[in-house]
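Those sequence lines, one after another, are chains S and X. Just so we're aligned: 60 in numbering that gives the first Met the number 0 is position 61 of the first sequence, and the numbers increase by one with no gaps anywhere. Just so we're aligned: 119 in numbering that gives the first Met the number 0 is position 120 of the second sequence, and the numbers increase by one with no gaps anywhere.
It should be emphasised that the hints constitute simulated quantities derived from the structure, not laboratory data. Here the structure is a predicted model, which is why all the values come from computation and not from measurement. All C-beta atoms in this analysis are idealised placements derived from N, C-alpha and C, irrespective of residue type, glycine included.
Just the calculated beta-carbon pair ranges, DEER-fashion:
| id | chain 1 | residue 1 | chain 2 | residue 2 | range |
| --- | --- | --- | --- | --- | --- |
| 1 | X | His32 | S | Leu57 | 40 to 48 Å |
| 2 | X | Asn76 | S | Ile93 | 42 to 50 Å |
| 3 | X | Tyr53 | S | Gly116 | 24 to 32 Å |
| 4 | X | Leu20 | S | Ile93 | 24 to 32 Å |
| 5 | S | Asn31 | X | Ala21 | 20 to 28 Å |
| 6 | X | His32 | S | Phe69 | 50 to 58 Å |
| 7 | S | Arg28 | X | Glu199 | 46 to 54 Å |
| 8 | X | Pro195 | S | Arg28 | 42 to 50 Å |
| 9 | X | Thr121 | S | Ser105 | 31 to 39 Å |
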Amino acid sequence: MDLTHLIPEFLVFSLAGSSLSIAAYSAFRDKNDDQKLLLVVASCFTFAFLVLFTLTFLTQDNLTGLQYLFASIFYFLIFMAVLGIMGFIIRRLIVDQRSKDDELDSAIDIINSSKDGLDSFINLLESQKK
Amino acid sequence: MSKIPVDHVLILAIIIISSLLAVFILFKLVYKHNPICDEYYGAEIVLFHSDERYKKRVWRFNLIEDFKNKKSNGKINERLELKVIVGEFSENTQEIVKHAANHNFESITIIAGPNVFCEDRTEIYTLLDKYNDVKYFILPERPTKHFMIFNNTHLYVEKPHRHTETRGSVGIKKCNRKLLNIYNIAFNKILTHAKPLTKEDVLNQQCYKE
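Let's have the full structure, built from the sequences with the hints guiding it.
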């Protein structure tokens, strides 16, 4: 079988896979590890898409100058979009990490404010006793 | 099938096996237990938002059950101890205390403010009547800093709040010794100002009118 016949199917599969996993990712209300897994799966699909897409570029021949120009524009646009999706995925992973750090900060704030107030409450009790 | 050359089958097998391996590693990485931790505070810090009432309860229930399992396996020999300071001995606290009393905690000390919710009084009476290990103390003033210490290991701290509302809180597993000592010392100091309450006194305790 010729490889060029398989490429369109593979392209559709990888694109559908990445968009489905991103859709599933946004369906989760609260963030957890499942969400992270879906993001990783989405990035696998987009990688597969990029690899195939590069392959289609390598296998094409017999193009005139104008055709070649338009095909190149098309490739440029698609690469931009797919790289944009990958940027989105990486950004989400970074944002998750950052919100975890923020959580630690606010937890530490709560502990510190509670800890610092302990003595003043004890002093209040002592002064009332007198 | 006979047309497929052997090396194709081999390559397919390698692909399948390596992808299985990759998925396995991926799952391990993504689902790795990776808690927020900080050496000055504790091994696992969990932040609860004010509306996560269920999550807060389950987290504390799990701690209590862990201790019970460790005790029945013989990993812990000393008495299990629970220390609680709350604004009022409300329904949420009662649930935790009951759970602890049912799970081999032998020393439970509760320090609360002078008032309770009116509808809780009979419930507290039955609780004190049923569990003799539960010691209930009240302070002349409502404490503003609320916390729980689970067997001198784990700490649960609430954000200051009024009696009518709930706020966020923080749970720390395997709390840093220094930090835990500050809370332990404070607990003991506050205990000297508190007076014990018998179950009969509870029925006459001042209460918040709705």
